[in-house]
Amino acid sequence: MSDAILSLQNLHKRFGALQATNDVSLDLRPGEIHALIGPNGAGKSTLIGQIAGSLRPDEGRVYLADTDITTMSIAERARLGLGRSFQVSSLAEPLSVMRNVMMGVQALQSHSFRFWKPVARDQQLLKPAYEALERMQLSHRAWTPVFELSHGERRQVEVACALALKPRALLLDEPMAGLGPEGSAKLTELLEALKLEVPILLIEHDMEAVFRLADRISVLVSGSVIAHGDSQTIKQDPRVREAYLGDSDA
Amino acid sequence: MTNTTSLSKNAAPVTDADSHFDRKGLVQMILLGLLLLLPVAAYFLGHTYYVNLASRVTIIAMAAVGLNLAIGYGGMVSFGHAAYFGLGGYVAGISAYHAFDLTPFMSWPFSVPGSDSLLVVWLAAVVLCALLALAIGAISLRTTGVYFIMITLAFAQMIYYFANSWPTYGGQDGLPIYIRNTLPLVDSTDALTYFLICFTGLVFAMALTSRLMKSRFGAALTMARLNDVRLATAGVSPYPIRLVAFVISAAITGLAGALYADLNGFVSPSMLSWHFSGELMVIVILGGVGRLYGPLAGAVLFVMMETLLGGITEYWQLFLGLVLLGVVLFAKHGVMGWLAGSERNE
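Going down the list, the sequences are from chains A and B. If you're matching positions, the first sequence starts at 1 in my numbering and goes up one per residue. If you're matching positions, the second sequence starts at 1 in my numbering and goes up one per residue.
Just so you know, these hints were derived from the structure itself, not from any lab. Every residue, glycine too, gets a C-beta built ideally from N, C-alpha and C. Any given hint could turn out to be false.
Claimed, not checked - Partial pick of chain B residues on the chain A-facing surface, computed with a CB cut under 7 Å:
1. Met29
2. Asn52
3. Arg56
4. Ser210
5. Lys214
6. Ser215
7. Ala219
8. Ala220
9. Met223
10. Leu226
11. Val229
12. Ala234
13. Val236
14. Ser237
What the hints assert, rightly or not - Residues of chain B clear of chain A, computed beta-carbon distances all greater than 10 Å:
15. Leu119
16. Leu231
17. Phe319
Construct the complete structure from the given sequences, taking the supplied hints into account.
Next comes the structure, spelled out in structure tokens:
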């Protein structure tokens, strides 16, 4: 096999008459950001579900490095090093930022059937979690409850949670959604620094960010990948312009 | 429906309990201190009735501590915890019955004699309740929300009707325990001694819950309650975490059931009935869902109302209903939230 960290091979998924994923193959290589774009209803969420483990493909396989993860649970994939963030941020809001990030560290170190030692002063958990927060420039918010954070900060926490897993690949689902220009610029910067260590599969609406960040872009329309290449290729592809950029870029 | 969801979502956030002496610590100390000192005083004043009443409060509080672990900390609204309370009770009753009768409980494939030792009874109650909860939980935890409530209720009712129709152990008439089961070195038939045994059990259950919730397991359980998708994404499967919490919860309630049967010298299917499951839920909600001392505060309030108002009118549950309404509407975190303030997040 290639040196791909994450690869999808001929994925198919149907919901009744709707072919939500139609023979999708793509891969994610070390050091890159691979962006997946597509208009609403293109089947992006369905595809993410199959990569992250909330959906099973009807056909095809998903590999993380050389491991076939097609039938693994969400938690198993996470422990193998697939970190993800959600389109609508999904954190335990009453808890502190630290507590959210610590869970990934905990999962990585051992099973969670440890009943005795308190976590509150467990340096084995605190230190790696703190480091992950520092990477996202969020360590000053470590003990703030998540519900007090701004939208942009929550995005950063999600990425920090994923980093706590020491991931081999990151799956980021519209991390820029709802961020102002400032927040978007900041996150772009952070992701750019991150990609050298962890390759990122980026699902994103924000075209500016995609064209700036992505090394490669795949365009998903009606469940199929209709175009694939770097920013220049995609910008000039007539099918892409028609299907996607045509209406939003006018 | 709304009630149950808010129940699990509003339940205790992760807390950094008793790290310093504050209002909460004071309220907790007073509560526990009164529960310990009043029966001792009553005993030396010759009012055994009140000592037994305190034992009753203590045992019911302990059963509610078990349920609180499932509902308050785990977000699993079990409407069938009477099954474990009753099973614990029947373990005590059946064991005493065979010890008294000198007949074996079973003789094939291996011989199991009865026993009048409390230690044996407690161990058996805990193990059997854990096994029962493992089976019930393994199935019930595949569902959530209203379905979980209903399926736990259904299992408990099956056991209730089974006990009702099993003539060997008294059927619907119940089973008397002629002589209270015994402990080495102490006289368990003495009211105060038995109260102290129950009190130790309650403190043990609360300390266990507290310790558990601060551990890695507790962190995972808290996140399973607040956001199970986040927990899975962080690499921990929620289902086994919930199942183990459910089993521990049932074992605590089952141990309380064994103590209860020995206190009353009697066990009957009413210990298994859904009324009791409901009462335990009421106690947990009254006291404060997901609060360590909530079940204790709830049990004190519940038994006091039952005893004081119940002596005046047989419609005392009408007033219980009003109090419950008040708590749900105005004091979301129950009596403990009202007395000791809301919990701090970490």
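Hints and how they fare:
| no. | hint | verdict |
| --- | --- | --- |
| 1 | Met29 | violated (21 Å) |
| 2 | Asn52 | violated (34 Å) |
| 3 | Arg56 | violated (30 Å) |
| 4 | Ser210 | violated (10 Å) |
| 5 | Lys214 | holds (4 Å) |
| 6 | Ser215 | holds (5 Å) |
| 7 | Ala219 | holds (5 Å) |
| 8 | Ala220 | holds (4 Å) |
| 9 | Met223 | holds (5 Å) |
| 10 | Leu226 | holds (4 Å) |
| 11 | Val229 | holds (5 Å) |
| 12 | Ala234 | holds (4 Å) |
| 13 | Val236 | holds (5 Å) |
| 14 | Ser237 | holds (4 Å) |
| 15 | Leu119 | holds (23 Å) |
| 16 | Leu231 | violated (7 Å) |
| 17 | Phe319 | holds (33 Å) |
In this structure, the earlier hints numbered 1, 2, 3, 4 and 16 are contradicted, and the remaining ones agree with it.
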